[in-house]
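J.: The primary structure of each chain is shown beneath.
Number of protein chains: 2
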Amino acid sequence: MTKNEIKIFSPATVANVSCGYDVLGFCLDTIGDEMIVRKTEKKGIFITKIEGYKLPFEAKKNVAGVSALAMLADAQPNCGFEIEIYKKIKPGSGIGSSSASACGSVFAINELLGRPYNKTQVTDFAMKGEALASGSEHADNLAPGIFGGFTLVKSTSPLEVLQLPTPKDMYATIIHPQIEIKTSDARAILPKEFPLTDAITQWANVGSFVHALHTNDYDLLKRALHDVIVEPHRSRLIPHFAEVKSAALIHGALGAGISGAGPSIFTLSKGIENAKSVERAMRDVYSSTTIAFETYVSRINTGGIKIL
Amino acid sequence: MTKNEIKIFSPATVANVSCGYDVLGFCLDTIGDEMIVRKTEKKGIFITKIEGYKLPFEAKKNVAGVSALAMLADAQPNCGFEIEIYKKIKPGSGIGSSSASACGSVFAINELLGRPYNKTQVTDFAMKGEALASGSEHADNLAPGIFGGFTLVKSTSPLEVLQLPTPKDMYATIIHPQIEIKTSDARAILPKEFPLTDAITQWANVGSFVHALHTNDYDLLKRALHDVIVEPHRSRLIPHFAEVKSAALIHGALGAGISGAGPSIFTLSKGIENAKSVERAMRDVYSSTTIAFETYVSRINTGGIKIL
Chain A
1454 MTKNEIKIFS PATVANVSCG YDVLGFCLDT IGDEMIVRKT EKKGIFITKI
1504 EGYKLPFEAK KNVAGVSALA MLADAQPNCG FEIEIYKKIK PGSGIGSSSA
1554 SACGSVFAIN ELLGRPYNKT QVTDFAMKGE ALASGSEHAD NLAPGIFGGF
1604 TLVKSTSPLE VLQLPTPKDM YATIIHPQIE IKTSDARAIL PKEFPLTDAI
1654 TQWANVGSFV HALHTNDYDL LKRALHDVIV EPHRSRLIPH FAEVKSAALI
1704 HGALGAGISG AGPSIFTLSK GIENAKSVER AMRDVYSSTT IAFETYVSRI
1754 NTGGIKIL
Chain B
1454 MTKNEIKIFS PATVANVSCG YDVLGFCLDT IGDEMIVRKT EKKGIFITKI
1504 EGYKLPFEAK KNVAGVSALA MLADAQPNCG FEIEIYKKIK PGSGIGSSSA
1554 SACGSVFAIN ELLGRPYNKT QVTDFAMKGE ALASGSEHAD NLAPGIFGGF
1604 TLVKSTSPLE VLQLPTPKDM YATIIHPQIE IKTSDARAIL PKEFPLTDAI
1654 TQWANVGSFV HALHTNDYDL LKRALHDVIV EPHRSRLIPH FAEVKSAALI
1704 HGALGAGISG AGPSIFTLSK GIENAKSVER AMRDVYSSTT IAFETYVSRI
1754 NTGGIKIL
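First to last, the sequence lines map onto chains A and B.
FYI, this note's numbering numbers position 42 of the first sequence as 1495, with every residue one higher than the one before it.
FYI, this note's numbering numbers position 86 of the second sequence as 1539, with every residue one higher than the one before it.
With the rest of the complex left out, here is chain A (with noise of 0.2 Å):
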């Protein structure tokens, strides 16, 4: 018998990861939604509360009313679904919020179904909340929220994620500057052509950084973690971006980079250890600025979304 409620935890994602650009992202553990989905008599999706962040309440309003709503119109189910969502991530943040939540309402009416679905189709209905955010279907944090660990998005239509090695011992960092950024100045500030060689440069980066996820060779990842076609631009959009970067780095993480469209900063690490001090070189640098700011450390989460 399958069961009539379920309590999720749908984890915080990056996006992009340096050389990737909307195509690479890993999962999150310490930092994510919390939602309570239960079947209904009545036909439809009901978000019935909504704690952390004001957010709407109208089903075709709301990201993971949308996802929910595309998935009911594909299972065609004799009920109905209502959807508690206790928002931890905030929205702009660049950790995926507005993925998680997509993510979310989905995978939880799934397993309330009995999962007709696989992982490809969950995030398939998934993007359909996302469009609602971002204004087109993207996957690259939804593919991590769902799959967990590092995810390549190798198309969206049609959908086709592939679910790559997570190294052991590998720890995120997250500095989240409490400054907004809007996706139309994130998107206007790019070019919409480069040229042939950055591509190249950039192409070879994920070629080396697939490889050093699946070989473990830190060294490698490192080296694969530079991003030459969008940080150059995007990073103007964020205050004290190069200090936070360089402290990163000079404290011995892997890499550093803008976490989705930004303003979040992720880093990579070999071991807690290090995630932490690196935490606290990007924290300093935060610190002596009016500009406030959150933190996170993490382990990579290969198991993405989980029932609590």
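Any given hint might turn out to be false.
In this list, chains with the same sequence are indistinguishable; a pair is considered to hold if it fits within one copy or across any two.
To be verified - Calculated lysine-lysine pairs in the DSBU-like style (CA-CA distance at most 30 Å, straight line):
(1) 1723 with 1759
(2) 1675 with 1645
(3) 1456 with 1645
(4) 1513 with 1495
(5) 1729 with 1759
(6) 1514 with 1723
(7) 1675 with 1581
(8) 1723 with 1572
(9) 1514 with 1675
FYI, nobody ran anything at the bench for these hints, they're computed from the structure.
Model the placement of chain B on the given structure of chain A, informed by the hints.
T.: Positioned in the frame of chain A, the structure of chain B alone reads:
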């Protein structure tokens, strides 16, 4: 005691491999040059014999000579070397003819000197010779010749080569239409800038290709072997490219694309039977034209250059 003379087989190679322009390459073993290199009392590099194709005897004007001179300038041995070149790979064929010469001489001299240099260093010297042929330092044909199998050139400055795994049972088929493409034309036809969306597709494919090699996933290899950057432009320089590619894919090739700068077209296959069937299909296309051609079927050569 080290030997005074060595005979080697310096194989043909395929660069770019559809998705990995300028970074990916693999090594063949049914076609390649032979070279004999022997120590001389007189210091210097002396090209004493060239058979097969007409190439300059003057060391400074011959790619094998230039790479050898670069190694000598660094090694400062108390001797010189004479080189005999038995050229089997037609210059300008797109399967690494100059590269085979450039890396053959330095591989052989390194052996005769007792291997003072590692494979990356040998490749670095070979780049000097390759630069004479192509005008700039590239290693995407050199690396598979020296390392064997599939390689990824992460960067050329400093040179870093990654050896990728070769799936068992992988074969290549090459068709070489006997037409001339000028390197200057092959370059001029490429735009200097590309849309970000195409670059993203390309690096998703590079990452997928590397993952597929590590996981022995032939289906994924097939989906990753696409080139949205270079092939749409350069294929216009190769008559009947679209028909040849289409014939290869219809007959079960994993992928088909331009080998290096062309005009050769490469395909990859699972198993020799498929590679031979693809060879027949491609021959059929050119057989109905006035264009002369050669074909080669080869397993992927995981050993690279070898001593005969």
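J.: Tell me, in ascending order, the numbers of any earlier hints that this structure violates.
T.: Going through the list in order, the structure violates hints 3, 6 and 9 and respects the others.
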